[in-house]
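Read top to bottom, the protein sequences are chains X and A. With this note's numbering, the residue at position 221 of the first sequence is 221, and numbering never jumps. Take the position in the second sequence, starting the count at 1, then add 1000; the result is the number in this note's numbering.
What the hints contain is simulated information worked out from the structure, not anything from laboratory work. Quick reminder that beta carbons are idealized off the backbone N, C-alpha and C, glycines included.
Quick list of simulated restraints, FRET-style, between CB atoms:
| hint | chain 1 | residue 1 | chain 2 | residue 2 | range |
| --- | --- | --- | --- | --- | --- |
| 1 | A | D1094 | X | V23 | 43 to 49 Å |
| 2 | A | D1101 | X | L169 | 35 to 41 Å |
| 3 | X | G101 | A | D1101 | 33 to 39 Å |
| 4 | X | S103 | A | P1102 | 24 to 30 Å |
| 5 | A | L1099 | X | R181 | 22 to 28 Å |
| 6 | X | G123 | A | G1089 | 38 to 44 Å |
| 7 | A | G1089 | X | W112 | 24 to 30 Å |
| 8 | X | F155 | A | L1083 | 34 to 40 Å |
| 9 | X | D139 | A | I1093 | 42 to 48 Å |
Straight-line alpha carbon distances no greater than 25 Å define the calculated DMTMM-like cross-link-like pairs of lysine to aspartate or glutamate that follow:
| hint | chain 1 | residue 1 | chain 2 | residue 2 |
| --- | --- | --- | --- | --- |
| 10 | X | K97 | A | E1073 |
| 11 | X | K97 | A | D1094 |
| 12 | X | K97 | A | D1092 |
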Amino acid sequence: MSLLAAAGSLDPAARSFLSPTGVEIVFLLVGLAVLGSAVISVTTRQLVHAALWLVVALGGLAIEFLLLTAEFVAWVQVLIYLGSVVVLVLFGLMLTKAPIGRSPDANSGNRWVALGVALAAAGTLVTLVVDAFRTSWVDLGAGGGSTRVTGEYLFRYWVLPFEALSVLLLAALVGAIVLSRTGKGRVPKPRAGKLRAGKPVGTNGRAASATTARPTASTPPVQES
Amino acid sequence: MHLVYPAVLAALLFSVGVYGVLARRNVVLVLMSVELMLNAVNLNLVAFDAWLRDSLHAGQALTLFTITVAAAEIGLGLAIVLLVFRTRGTADIDRLTALGDPNEDAPESAPEAAVQNDRAVA
Chain X
1 MSLLAAAGSL
11 DPAARSFLSP
21 TGVEIVFLLV
31 GLAVLGSAVI
41 SVTTRQLVHA
51 ALWLVVALGG
61 LAIEFLLLTA
71 EFVAWVQVLI
81 YLGSVVVLVL
91 FGLMLTKAPI
101 GRSPDANSGN
111 RWVALGVALA
121 AAGTLVTLVV
131 DAFRTSWVDL
141 GAGGGSTRVT
151 GEYLFRYWVL
161 PFEALSVLLL
171 AALVGAIVLS
181 RTGKGRVPKP
191 RAGKLRAGKP
201 VGTNGRAASA
211 TTARPTASTP
221 PVQES
Chain A
1001 MHLVYPAVLA
1011 ALLFSVGVYG
1021 VLARRNVVLV
1031 LMSVELMLNA
1041 VNLNLVAFDA
1051 WLRDSLHAGQ
1061 ALTLFTITVA
1071 AAEIGLGLAI
1081 VLLVFRTRGT
1091 ADIDRLTALG
1101 DPNEDAPESA
1111 PEAAVQNDRA
1121 VA
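Sequences are here, hints too, so could you generate the full structure?
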């Protein structure tokens, strides 16, 4: 399979960590911003501020995608995460009557256990990753993730998952609508012959034109069937 | 660019998301932490795609799919959260104990309505 061939360099590169390139410096600075805003987002006691710090973290990640030459993914990240997911989260916070100010019980009782688990996971993963990829070097070439390249690989090799994903989105949409409908509050079926606010009801939704029915109480609604 | 930088950043971001999932009480904040974890995975996928340069661009394609699935997930998740909030009157995870062990005590800070609701169900 020549398609699955990886063209990147798997050989260890003799690059020093002490002389970083400009891309690496920018990546590190943006990465620090992303990490800091993520930490604030999961630790702040003001719930709406947590969602807004999440915007900073996700936007910083879009910059990181740009630095890794994945332009299209970066813009998709901005559109979907910053545009819709955060707005949905804010709507969810407001619809569940989240307190606006500082809420004292934002963290549950097991936060110290959670801190231990997170630190253990971080230690394990960072040790493993640093040990495995200490000498790997990414050759960043321009245009590796441009819109043209993305369209070519997406619609040449990944068409079937793409279409399956559209079906998944449709199912999620229908599911969300079904879940969020209230059983009560159904609109009552209009009964024929009843007058409501001077307008004839029961003509199958067709508004009576001005020539056939005048809004007087004595005129019966015209049935056109 | 050294591959270590995006990999370490993704690992740390994933751990921050793990902390948020375990330590938060509000369901919407838990969903936000899940989004952080998904984004850590996305960063890994993009970085390894740039490293391996395979001709299928599997990393970036899977990143796009992950972003789409995450959007569907947050929509469905918020619908479920709103449904739970409408029936239970709370969006806190540790107060939704209707399926829990009834021998264990309910949290002491739970409001009366939620506790009665739980008992009525159980």
